[in-house]
Amino acid sequence: MAERLLIKALKGGKYTKIVTLNEKKITKMPSVLEKLPGLKTLDLQNNLIPKVCPEISALTQLTTLNLGNNLLEEVPEEMKYLTSLKKLHLFGNRIHRFAPEACDGLQNLILLNLNNNQLTWIPQEIVRLKSLTYLSLNHNQLVSIPRELCFLESLSELQLNYNQLICIPEEIKFLKKLQKLLLSRNNIEYLPEGLCNLLNLRILDIAGNVIQMFPPGFQDLKLKEFYCEGNPLFLKQPVNAIKQEDVWSLQEVTSRFIMNQLAAKNPFLTKAIKWYPQVRNMLSKGKKCAICGKHFLTTWLECVEFFPPSKNWKISRNLQLVPLRVLICSYKCFNQRDPNLFGIAQV
Numbered sequence: 014m015a016e017r018l019l020i021k022a023l024k025g026g027k028y029t030k031i032v033t034l035n036e037k038k039i040t041k042m043p044s045v046l047e048k049l050p051g052l053k054t055l056d057l058q059n060n061l062i063p064k065v066c067p068e069i070s071a072l073t074q075l076t077t078l079n080l081g082n083n084l085l086e087e088v089p090e091e092m093k094y095l096t097s098l099k100k101l102h103l104f105g106n107r108i109h110r111f112a113p114e115a116c117d118g119l120q121n122l123i124l125l126n127l128n129n130n131q132l133t134w135i136p137q138e139i140v141r142l143k144s145l146t147y148l149s150l151n152h153n154q155l156v157s158i159p160r161e162l163c164f165l166e167s168l169s170e171l172q173l174n175y176n177q178l179i180c181i182p183e184e185i186k187f188l189k190k191l192q193k194l195l196l197s198r199n200n201i202e203y204l205p206e207g208l209c210n211l212l213n214l215r216i217l218d219i220a221g222n223v224i225q226m227f228p229p230g231f232q233d234l235k236l237k238e239f240y241c242e243g244n245p246l247f248l249k250q251p252v253n254a255i256k257q258e259d260v261w262s263l264q265e266v267t268s269r270f271i272m273n274q275l276a277a278k279n280p281f282l283t284k285a286i287k288w289y290p291q292v293r294n295m296l297s298k299g300k301k302c303a304i305c306g307k308h309f310l311t312t313w314l315e316c317v318e319f320f321p322p323s324k325n326w327k328i329s330r331n332l333q334l335v336p337l338r339v340l341i342c343s344y345k346c347f348n349q350r351d352p353n354l355f356g357i358a359q360v
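The sequence shown runs 14 to 360 under the numbering used here.
Calculated directly from the structure, the hints in this document are not laboratory data.
This list has only true hints and no planted wrong ones.
Calculated lysine-lysine pairs in the DSS-like style (CA-CA distance at most 25 angstroms, straight line):
id: 1; residue 1: Lys-30; residue 2: Lys-53
id: 2; residue 1: Lys-53; residue 2: Lys-27
id: 3; residue 1: Lys-38; residue 2: Lys-53
id: 4; residue 1: Lys-327; residue 2: Lys-190
id: 5; residue 1: Lys-143; residue 2: Lys-53
Using the sequences provided together with the hints, build the complete structure.
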């Protein structure tokens, strides 16, 4: 069947615009494709192709290439010759790297789909994809994303679900046209403040991470859909302060100094504390402020009220976000306290 379809395409010569060879159990990309210089769309998904043939470089008018669900192990270098390419589908392969110069000629690429591969990193050269609007990297093994990705000025949709990300670079603020950001099922601990500068962002999914609070200005986002179930957000009613001391006790002042010095690995205190078991026992009961990061011993808490999410937001049904509050320590975090802060923190 594949041979008949190829013969028919070859008869059309330069006038053949579309070749579709899905699910034909092809184990090698046909080299005769070079005889179809006018080809616009090439669909080879659901085959057994391990490599791209060099002859593909002749397809300079190709705008859509689908190699999804094959056996590729890299984003091939031959892509750089496809200067007219706008849509590239490489999902469902075994890709774990980008070949050198693979991004060089893809100045017109709008869509790149790399879902369900084995990528652990994205090269800095991705910044060369100046026209990229849709980038999908779901179900890979990414532990970080390069800051260069944040300089893709045309990017409107970024999908990074089901990876191993622990943070998002602050430079994400430069993705001014970003409308859809999907980050579910990662290991992200916090969202950068730069995220709040994305005024065109309409859909944000951070479900299934380890986020406890949101950055200042988060409530100003013009979201239409927001999903954050599965994060360790503190949803209980805040505890009112038992007492509100303006002057700390000498024990509290001393304890805070020692704990913060120990956190900074002060060699003198680290050695000296070994000789005072009672002090060690007391300091072991200390806690760390979720806002300022400093240590404290006093157990009472202060309550800070938050702005509720916009009524225009579509949020997860099981998410009780109204009203929102945060629990902070009695450290008097004057430098950290922001009346416009939106989020939930756990002490």
